[in-house]
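Colleague: Put chain L with the ligands on the given structure of chain A with help from the hints.
One-letter residues, chain by chain:
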Amino acid sequence: MSDLPSQGEQAVLEAIDVHRDYSIGSSTIPVLKGVNLRFLPGETVSLVGRSGVGKTTLLQILGLLDRPTSGQVKVRGRDVSQLSRSQRAEVRRREIGFVFQFYHLIPELTALENVMLSQRIGEPFLQALARRRSERERATALLERVGLGHRIRHRPRQMSGGELQRTAIARALFAKPSILLCDEPTGNLDADTGAAILELLFQLQTENRTALVMVTHDLEVARRCERLVTLRDGRVEKEELLAAGMPPIQ
Amino acid sequence: MLAEITQVVVFQSLAVGVAALLVAAALAALLFSFVQTFRRAAVLPLAVRYACSRWINIVSVAGVALGVAAIIVVMSVMNGFISTQRRMIRGSLSDLTIQPRAVPDGNGSSRMPGSFEEYQSALEGCPHVVALAPRFIWYGLLFPKGVLDIFNLGREGQDFAAKIIAVDPNAEFKVSEFRRWISPVGEDDPGLRDVERRIYTPPGDLDRPFARLERSGSLPKDALLLGVSKAYRLRLQKADRVEITTFGTKSSRENPTPPNQLFDVVGMFHTGDQEFDSTVVLITIPSLQKLLSTDVNFTEIAVKLDDYRNADAAREEIGKRLLAKKLIKGRDYNGLPSLKIEIQTWEEQKQNLLAAVDNERSLLGFILFFIVIVATFIQFATLSMMVNEKTRDIGILSTLGASWGEILAVFVDLGVAMSLAGEIAGVALGLFLARESTLAAVERFLEDRFGLKMFNPDVYLLKSLPSEVDLVQVAIIAGATLVAGVLFAIVPAVRAARLDPARALRYE
Ligand SMILES: Nc1ncnc2c1ncn2[C@@H]1O[C@H](COP(=O)(O)OP(=O)(O)OP(=O)(O)O)[C@@H](O)[C@H]1O
Ligand SMILES: [Mg+2]
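Chains as they are written, first to last, in the numbering used here: chain A, 769 to 1018; chain L, 1261 to 1768.
Looking at chain A on its own, in the form it has when it is part of the complex (with noise of 0.2 Å):
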């Protein structure tokens, strides 16, 4: 257990012994075998691991969009765990944003719809109606700060990867998350775009004091955030502390 984290400041996001077994058939197979962690808000941290550790199930689970097999998480302090499906969907809704691989985005909707989807969701018809105007300006100003301005109304089939992906993290942020969650958020962009998205990923984060869980293969994208975190084996097997914003290394 480690004691990195600062324990007087409130956590936004807490797993404490989280435990996630598959089964197949009649076997279970343990994946997350007891995971602590916590995030502060507006923190940075990355999550690095062998492929198949289970990355992508531990984000899942703070994501809320899976639940642990045992073991608590807790958003603002607040056991989530055992929440209905609906109440766990209002608390993604307000509180946390996901950014993935492979962009997600609404092939129907044009960028701006994309982005403005994650406010309208759970707002009542007439208060999007009366907003509409005010939304719209607000979600074209996002795009245009990720650099998106000319494209607000292509769809994701006309757009490229490292275009997509600015819209996915305008979408992601455009709700004004506490926690944003990414997956690989350069895995499938070249170096150059990735290392663009990752700047722009940072640059909201640090304006909007977003917390941001990041996994990665790239150990150099690792280490431009504050804290690193290992998964091995189902567990965290260590949390470095790291200077935060490190240049790359040559």
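Errors might be hidden in some of the hints.
Derived list of chain A stretches under chain L, where covered just means 3 residues or more per stretch with a C-beta under 8 Å from a C-beta of chain L [what the hints assert, rightly or not]:
no.	stretch
1	831-837
2	844-857
3	864-872
4	875-886
Some chain L residues near chain A, calculated using beta-carbon distances under 7 Å [claimed, not checked]:
no.	residue
5	F1298
6	D1653
7	W1664
8	P1761
Not the full set, but computed from the structure, chain L residues with beta-carbon under 7 Å of chain A [what the hints assert, rightly or not]:
no.	residue
9	A1301
10	I1656
11	A1662
12	A1762
To be clear, the hints were calculated from the coordinates, so they are not data collected in a lab.
Where a beta carbon is used, it is the ideal one built from N, C-alpha and C, also for glycine.
Modeller: Positioned in the frame of chain A, the structure of chain L with the ligands alone reads:
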């Protein structure tokens, strides 16, 4: 017997129960998704986008549209057939018929309980009763005079048999469609074959249909109107002379020769009821009285009502008045009090035929609804495919915080939208196609282009395909289709809502 009836009742209430349950489920789902749509701004735009995004949706919308249109067209044609069939079946019958049972006259014969005038005054001012007409019904043999191949005709012996209905034309005009039957055949007069339409000859003066013919050579005889089918079968024409032979009302020992008399055919009539038009001859009441040497002047009374829907009330009122004057017995065959033997509506008189016709309609409606079920099933398949295809999207919606209700509502809305679109198109198409002019055009087109004869006027005894759109029926069809659409949308929608987002997102 009792077991059978209970079985039917149980089955029926079961069916009604299941139907009510399905409708309730559909309504609940509709209400739920309506509330969700209103409370959650993301639902409607997503549903609309999904609806517009794939061409296969158009196929299922078109499927529903064609199904609905087909039902509307077929049901409308069926309605048209049924109402013309009802007209044919009704034939000469007035709204109500009073058939008092004869009573012994003390001379070894019988008489009516009173004269027609007594009935008339008993029913003076009776509510719902608009007009009365006496009819005197008798049977006899009709023999065409001067026909050479009489032995050929004789082989079809029943053609000589005649139901003689003696009427008072002026009263008859007021209780039945008498004027229509003796008018020239109209385009939409049902129940006639083409030859019958051709040979039909009306009497010379429609206001005085039984006026005697002016003939050179011999003195004119009493007038007789001949059913058009009978005229055709006996090769009779206007101005031909016929002889009617019958049996007397007095005992035959006193009257050894059967009563007989010559009549002039002054015209024909067409009620549309084949049975009636091929058996009946119409003469005046005085003619029949003379033929039978009797002073009986009616055997039944035709009653015209203000509105047929008041038939039961009218029967009660008429029954009360006639019973008070002892003009009817008011008992059924078991001696129990009942008016239904002596006073009958036309529908009761033709019960069996009508039941068959109405049964046909419900059966057809039931069968046709399967078309819609099939069409809706296409929609079910389309939606299910879409849920499969959108698995990842559904996962994304979950990550964005969509509740299961929102996701359910997106797919229910989608189903409802597709079903509604199909229905609107289908109703429009159906109403257009079900117009008689459209049907006639289609029929003509098929005949001209492909030599297909859809419709044989002589089989159905109609000039053209009839069609009657019943808007209540259309509304029921639309409602039932919507219910089916919603029900079939629920299954894929629930599946979408229950998808595990973790799994949905895992595979690219
Ligand atoms: N639904 C499932 N059923 C059974 N086993 C599963 C399921 N999902 C994941 N696993 C297993 O759990 C383990 C962890 O998977 P996970 O995707 O979390 O790994 P990962 O660390 O993200 O790997 P990668 O770096 O390749 O993305 C793997 O061995 C995987 O086979
Ligand atoms: Mg992974």
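Colleague: Output the indices of the hints that this structure fails to meet, ascending.
Modeller: Going through the list in order, the structure violates no hint and respects every one.
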